[in-house]
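Chemist: Residues per chain, in single letters:
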Amino acid sequence: MKKAIFFLLLIIQLAPVAFSQVQRFPKPDFESGYEQPVPTQPTPRAAVWDYIDILVLISAMSLITWFILKKRSRRSVFWVMIFSLLYFGFFKKGCVCSVGSVQNMVLALFDSAYAIPITVVAFFSIPLIFALFFGRTFCAGVCPLGALQDIVGLKPLKTPAWLNQVLGIVPYIYLGLAVLFAATGAGFIICRYDPFVGIFRFGMNSNMFIWGVIVLGTGVFIARPYCRFLCPYSVLLRWMSLLSRHHLTITPTECINCHLCSESCPYDAIAGPSSEKYPGNVTTEKWKLGVMIVAIPIVMLISGWALSQLSVAFSRSHYVVKTAEQIRLEDTGQVNYTTDASEAFRGTGEPTTGLYARAAKVQEQFKLGTWLLGAFLALVIMIKIINFYIWKHRDGYTPDKAFCVSCARCVDYCPVEHERLAELKGVNLIE
Amino acid sequence: MSNPETNKKIYAILNRTILITSIFLILVSVFFVTNYLQLKSNDPLNSPALEQLYKNLDSDPNNDMLRDQIRSLDLLARKAYFTKQWQINTGGALLFIAIIILVIAFKIKSNLRQKDPGLNKLEENWDDRLMTRKWLSLSGVILLSVTILLAILTNREMESASFIVKKQKDLPIPSENEVMKNWPAFRGPFSNAIAYYTNIPLTWDGETGENILWTVDVPRIGFNSPILWDDRLYMSGADEEGQEVFCFNADNGELIWRKPVSNVPGTPDELPDVTEDTGFAAPTMTTDGNHVFAIFATGDLACFDMDGNQVWVKNIGHPDNHYGHSSSLIMYENLLLVQFDQADVAFVTALDGATGEEKWKTPRDMGLSWSSPILAKVDDQWQFVVNATPNVVGYNPETGEELWRMDCLSGEVAPSSAYADGFVYAANDNAILAAIKLGDIPELAWEYEDDLPDVCSLVANKDYVFMPSSWGTVTCLDAKTGEQYWLQEFDDGFYSSPVIVGEYVMAMDLEGVTQIFKADKEFELVASNSLGMVANSTPVIADGRIYFRSTEKLICIGEK
Amino acid sequence: MNIKDNKPVNRRQFIKNGLHTTAAISIGGFAGYAIQRSSKSDMVWQIDPEKCIQCENCATKCVLAPSAVKCVHAYAMCGYCDLCGGYHRPGTKRLDTAAESQLCPTGAIQRKFIEDPYFEYRIDEELCIGCAKCVKGCGSFGNGSLFLQVRHNICVNCNECAIAKACPADAFVRVPADNPYLFRGEFKSIQLNEGSGEEA
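Protein chains in written order, with our numbering: chain A, 2 to 432; chain B, 32 to 591; chain C, 9 to 208.
Don't read these hints as lab results, they were simulated from the structure. We treat Cβ as the ideally placed atom computed from N, Cα and C, and that holds for glycine. Do not rely on the hints blindly, as some may be mistaken.
[What the hints assert, rightly or not] Chain C is nowhere near these chain A residues, computed Cβ spacing over 10 angstroms in every case:
#	residue
1	LEU133
2	ASN258
3	GLU326
4	ARG329
5	THR349
6	PRO352
[Claimed, not checked] Below, in silico cross-link-like pairs of lysine-lysine (DSS-like), each with a Cα-Cα straight-line distance of 25 angstroms or less:
#	chain 1	residue 1	chain 2	residue 2
7	B	LYS110	A	LYS156
8	A	LYS368	C	LYS173
9	C	LYS144	A	LYS393
10	C	LYS69	A	LYS323
11	A	LYS71	C	LYS101
12	C	LYS144	A	LYS28
13	A	LYS94	B	LYS115
14	C	LYS141	B	LYS110
15	A	LYS278	B	LYS290
16	A	LYS402	B	LYS165
17	B	LYS110	C	LYS173
18	A	LYS93	C	LYS48
19	B	LYS115	A	LYS156
20	B	LYS86	C	LYS101
21	B	LYS71	C	LYS69
22	A	LYS159	B	LYS86
23	C	LYS141	A	LYS28
24	B	LYS212	B	LYS549
25	A	LYS93	C	LYS173
26	C	LYS24	A	LYS385
27	C	LYS24	A	LYS94
28	B	LYS115	A	LYS159
29	B	LYS212	A	LYS72
30	B	LYS152	A	LYS159
31	A	LYS289	B	LYS165
This is chain A alone, in the form it adopts within the complex:
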């Protein structure tokens, strides 16, 4: 019998068959009473953890917001930050995070087959709602990425204002691309290039780890480089924070313009009193501003067109397009090698026309997407420039709502704050 099976196997080896579900060898009839084991199915972590996560998120957000706005205590913020780093970072291994959740939201919007987990929706919307009322308290100490950078920011250097503004464009580009790739189903680039997930997981994936070390190393001298110059979620938080009604203030009551806080902010997010009105010719300025405003739609059109010309290159990041390209190269004899992907495709038996049609569909999505992205980025940059034509009156020292992460460092430097604390203590003494 053994020999027979061996012989049968030899015959089959001579005629290799594709991986198929054909039961080549019949199920044996056991006489010894042997019972077939059943493969185990270890479960993922229990669903209750999802709700615990949401609960922890809401608690941490409420707590830190209260610490920032009511207690005005940097020390308390710091400890919430450490907790978040440990829980959301090292315990939860950094997934899913609010930054990445943008992509899940977009995918849910465009891909009807994708059912978005409720945790992800919570992680996306709760920080934004808080930001809309209280500023970027999420960044201050709930975001594990921010927390990690905040801790290593030991020797922050001042960067010139113009550089901060120019680098501040990058998050818009990153966000736009992330939305484009998520909407077309090409992938989640925010997660792919997340610098810290490798650290949270002690990841073996060398590139991720190295990237994380580079960002953290930079973070020693340039405070929170990812938050300020890369983080795509920060764009949404900036918008919300700009509209916030109860944002952190440096001084508890009125600024006395002592400028003691001026160097306390490692993120260059404190704005001093405004300058005199424009010293030069105001009429020319007005003209320039008018031209800029009129130029917005034109620049948007040009930019949208230009970027859409590159849509094919962007579409190559999509699995379907990549495979279709390889298949076409093979079919037209332009290459004489095959890839794993092209062989896998051929194994499915799907006609190439079907693949090409799918690729064309993806490319059309990319065409539209790059158009919108180009126009959006043009609009962002134009508004940013125009912003520097408009003069706003400001008396004292206030946080720049867009860039301030509500870390509450500046509060400790304000003499008015010290006075308030002393008063509080005094009251206590009397009691």
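Let chain A serve as the given structure and place chains B and C on it in line with the hints.
Modeler: Quick look at chains B and C alone, frame taken from chain A:
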């Protein structure tokens, strides 16, 4: 609050901690990185040494020493793998702890140091604002220009890499008239062997050079016939070394381009067996005026544009027959029709000429065939007529739907049918010559049993059917009744297919002598013209010219 | 430049309030829309074994080391062969458990004699690195009862799975966490209780 003495002590402790941790950190990092690189560059689980030992064992299965060697090396490799894995994980954890200690130490140190309050006023000034404005505008302009520049530079590449089908004007489908003026397939327009031009010389002589305009070499042999579109001739050639497509100037015989058909995905690993008189390039090419198409004995099917740029290539199957694949291609509008009747698989299929995309494919329950399909226009409706053992079948060329079939053939079918005036004439040696009257229900109008062909095809007009054979006979029959008008015996047999040119019939025999006789009730030989060499292809009849291909030469005949 | 306005505060405040409300509504709307089509359970990654081409990426691309992908054995599909395409190195002459006869690079498959002529093959997941060499062997020469699966007690469920990104066959799919396995063959649609020992 804190006294300077304790502060100093704390400082000293902190500094020492920082120093020790830093050294530790560096050591662990070095160890970590080298370990990591080692694992990357030298994966113990895929050791080439072990592979080699396995190979040795396979060739020397009873070597127990080799076995022991493999066992110990394998154990070593597994140990190395898991130890390395452990080392990396532990190293990572150590690294992490060291960094935490370092950060905490630095943090305490910086907290201890009295921080200076800010002394600079942060007053906003216009210089800064203007500067920011300038840089923002500059970066906007740079971003936009780089994008535009890239868009322009990569425009061509992007276009070719796109899968979006552009709504461009479809390539023109040649009109029937245009097809008739050219010679776009085996046996000319619709593969029916009836020439449009009749202004050809009736005499020539290869030996004396009479009316021979030029003779050029065809770089690779092939038994296929040339095709002609506008002023260019196309043909294929193939041998054990390779497969090629050639384009010649029809005016002066200059070779305009030659393109290899290679690296075809799915092509058989070994060349199929072919006989010497069929070869690897027996099927004739075809064209729709926008592309030319060639198929080879390997089943490789290639499409080029008229300038020789390869548009697509694919293998449609591995031909399995004992002479070599020889069914020619034919074009219906923009569809390339392929007959593929092999021992193991038989089908007809239509591919989109421009893309190679399969439009339809109809399996056939037929035997082998070496015959070539023809197109027949019946009541304003085109039919695709295909011969094989034992049936002649008519298909709708647009859908692949079978319209009718007639059981009348047997043996190894090679001759193609002829079509004229509602009748399809099909014949094969050892079978019959069948005249099939097409209609709602096709019927066998008459049959004829003598002097049947086994290679060369028939030709017919509305009055007569002319049937040469490999044994040198030519039979003329009444097209409607099958009555034999005459039977003429020539010195040599016929492989090349006959062509009707106006009031004459031309048929070239195995010695390269073209017999020209009247297409009439009475036999009347008009001329016997020797080419001066052996050729078995079907001639191309063009405006004032005739083109012959021998296996190695291309000859142009015309009035000097 | 100054914005000339008699009551700048009021107008600005008005616009600001409007924007504030708009922002609140948009977040709420977006989140509400997402929740409406959300799944209660989390989504996790899994390999569709019918698409898998055993390219060995699973062993190397996972953020974890060793990979969270392991070989799983559907015993009910197994032929219990003496010569196992998944266990034995091709070309091996002796059907024993010696290192030189085994295909698995880490020796993660345990072979046990059951009764003549049947042998049971068990995967030791501690040792398995998810290289799929045995899956390929079993698929080519056997019943295909060995296949790869993401093991969810190990997987950390990255938002974008690094192996999914590298998978040439697009075999990674998101599945609901309460039904997180795609087993081969007869097992596919059957819910199995761990350790129940019931045959499918």
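Chemist: Which numbered conditions among the earlier hints are violated in the structure presented, ordered from lowest to highest?
Modeler: Checked against the structure, the hints that fail are numbers 1, 5, 7, 9, 11, 15, 17, 19, 22, 27, 28 and 29, while the rest are satisfied.
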